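A.B. asks: Below are the chains, spelled out letter by letter.
Number of protein chains: 2
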Amino acid sequence: MLCSDIYKNQMTQRGRPRTFDRQTALRQAMQVFWALGYEGATLNELQAAMGGIAPPSFYAAFGSKEELFREAVELYSRTLGAPMMKALEEGLTALDSIRALLDAAVESFCKPGLPRGCFLVFGAFNNVPSNKNVEDYVRGLRVRRQKAIQKRLQRGVEEGELPKTLDLAAMAAFYTTVIDGLAIQARDGVPQKALRFSINCAMAAWDPVVSAN
Amino acid sequence: MLCSDIYKNQMTQRGRPRTFDRQTALRQAMQVFWALGYEGATLNELQAAMGGIAPPSFYAAFGSKEELFREAVELYSRTLGAPMMKALEEGLTALDSIRALLDAAVESFCKPGLPRGCFLVFGAFNNVPSNKNVEDYVRGLRVRRQKAIQKRLQRGVEEGELPKTLDLAAMAAFYTTVIDGLAIQARDGVPQKALRFSINCAMAAWDPVVSAN
DNA sequence: AGAATTTAATAGTACGCACTACAGAATCGA
DNA sequence: TCGATTCTGTAGTGCGTACTATTAAATTCT
Numbered sequence: 606m607l608c609s610d611i612y613k614n615q616m617t618q619r620g621r622p623r624t625f626d627r628q629t630a631l632r633q634a635m636q637v638f639w640a641l642g643y644e645g646a647t648l649n650e651l652q653a654a655m656g657g658i659a660p661p662s663f664y665a666a667f668g669s670k671e672e673l674f675r676e677a678v679e680l681y682s683r684t685l686g687a688p689m690m691k692a693l694e695e696g697l698t699a700l701d702s703i704r705a706l707l708d709a710a711v712e713s714f715c716k717p718g719l720p721r722g723c724f725l726v727f728g729a730f731n732n733v734p735s736n737k738n739v740e741d742y743v744r745g746l747r748v749r750r751q752k753a754i755q756k757r758l759q760r761g762v763e764e765g766e767l768p769k770t771l772d773l774a775a776m777a778a779f780y781t782t783v784i785d786g787l788a789i790q791a792r793d794g795v796p797q798k799a800l801r802f803s804i805n806c807a808m809a810a811w812d813p814v815v816s817a818n
Numbered sequence: 606m607l608c609s610d611i612y613k614n615q616m617t618q619r620g621r622p623r624t625f626d627r628q629t630a631l632r633q634a635m636q637v638f639w640a641l642g643y644e645g646a647t648l649n650e651l652q653a654a655m656g657g658i659a660p661p662s663f664y665a666a667f668g669s670k671e672e673l674f675r676e677a678v679e680l681y682s683r684t685l686g687a688p689m690m691k692a693l694e695e696g697l698t699a700l701d702s703i704r705a706l707l708d709a710a711v712e713s714f715c716k717p718g719l720p721r722g723c724f725l726v727f728g729a730f731n732n733v734p735s736n737k738n739v740e741d742y743v744r745g746l747r748v749r750r751q752k753a754i755q756k757r758l759q760r761g762v763e764e765g766e767l768p769k770t771l772d773l774a775a776m777a778a779f780y781t782t783v784i785d786g787l788a789i790q791a792r793d794g795v796p797q798k799a800l801r802f803s804i805n806c807a808m809a810a811w812d813p814v815v816s817a818n
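Listed in order, the protein sequences are those of chains A and B.
In this note's numbering, each residue carries its 1-based index in the first sequence increased by 605.
In this note's numbering, each residue carries its 1-based index in the second sequence increased by 605.
FYI, nobody ran anything at the bench for these hints, they're computed from the structure.
Predicted model only: the values in this text are computed from it and were never measured.
Straight-line alpha carbon distances no greater than 25 Å define the calculated DMTMM-like cross-link-like pairs of lysine to aspartate or glutamate that follow:
#1 A:716 <-> A:626
#2 A:716 <-> B:740
#3 B:691 <-> B:766
#4 A:670 <-> B:644
#5 B:737 <-> A:740
#6 B:670 <-> A:644
#7 A:798 <-> B:741
#8 A:798 <-> B:812
#9 A:756 <-> B:793
#10 B:737 <-> A:644
#11 B:756 <-> A:793
#12 B:756 <-> B:712
#13 B:756 <-> B:812
#14 B:798 <-> A:812
#15 B:716 <-> B:701
#16 B:769 <-> B:694
#17 A:752 <-> A:740
#18 B:769 <-> A:812
#19 A:752 <-> B:793
#20 B:798 <-> A:741
#21 B:737 <-> B:676
Please model the complete structure; the sequences and the hints are all you need to start from.
C.D. replies: Structure (structure tokens):
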């Protein structure tokens, strides 16, 4: 389904052409899912946000609500989520990387014109059995983010920046805690400046660590 | 509706007596809302958890799904939420109070036999318009919790424990961030021990504050 | 005992949901 | 020009939702 869609753009168009842009529609759908969550986003609202396309066009282009959601998550990771991962990898030290990660998080959680908070948190969270698939999907990405943090800390240990005695998993869990908390605070309307203050607080966790090294 | 229900227990019972205990049923309903969220909890599941009561009994006793939810939130605040507020008030110092607050939070987020995480976070937080009432309700309680933290810090300033220059609102926002983050981590299955580690990290935010005082 | 009152049980109702059947319209290749 | 192909628009389908109408059953008061 998705493969044929890729080929379609490469070979010459056959049949009646689409009246909407698939990428734009996907971007709009991502925002609806982001703002309302998987269950809260009805097909009516999605279709309206996607330029008023009708159900058959919707299903022909995206397959189902769940497939659209997964594509939206991928788009989010590729775009708004990317700076966080990039910050984690490009920081010269582990501490710099973590701070840049949190800065990037707050930045993306407070972008004007976009829903506040993290899509990976608000996209699908209620433990409703019928949506277990999508919830496990975003949960897996949250876990992957935590593992990436832990990996960066591991590098810090290997490079001698951080003490070998540091509990890397727990430290990664702490910064995931902060990111998740920032997501909720952002959604609750806390201004960006206050969130940045929280970053400073969270970075203070390093003080006992680096002074002991 | 609720007043008459209170009086009912004081005067002699008239008419056919209930076959279920209202308090027990409410407690069960709270757990369902807590685990699945307001939208995720269907009346079928609620009624089943409440001892298999039928719809008319349900509506006669609780009015509607929304009224039941509000009662469940009140019950949560009175019971599982109370130790957090109590810790905040009874700590001898502001720092002790905050630590006791976080300890109480983790304790209640990880209670065996109960849903993990915070009801005030997971009870209702999808921005779906039809549920705006209940979402604003729990959001208001989250904000009240944050104000309580800020008030305790204020007392710490007045008693000379904390510097007057401290940004109390921002500091309260930070610890709310941690609590909210812990709620999500708990729901994601992070073990209690790791959450306690995060508490230690969060308490390190005081180091620069108290050393400057 | 009998009237009054409250709950229980059965069987629904109206509505919103994700999703689809079908016929017509717009483009392509030959 | 004509058939093949792909999209569009209208009008639905079946299902799960919160909620209710109606009748019967169990208790209290007189």
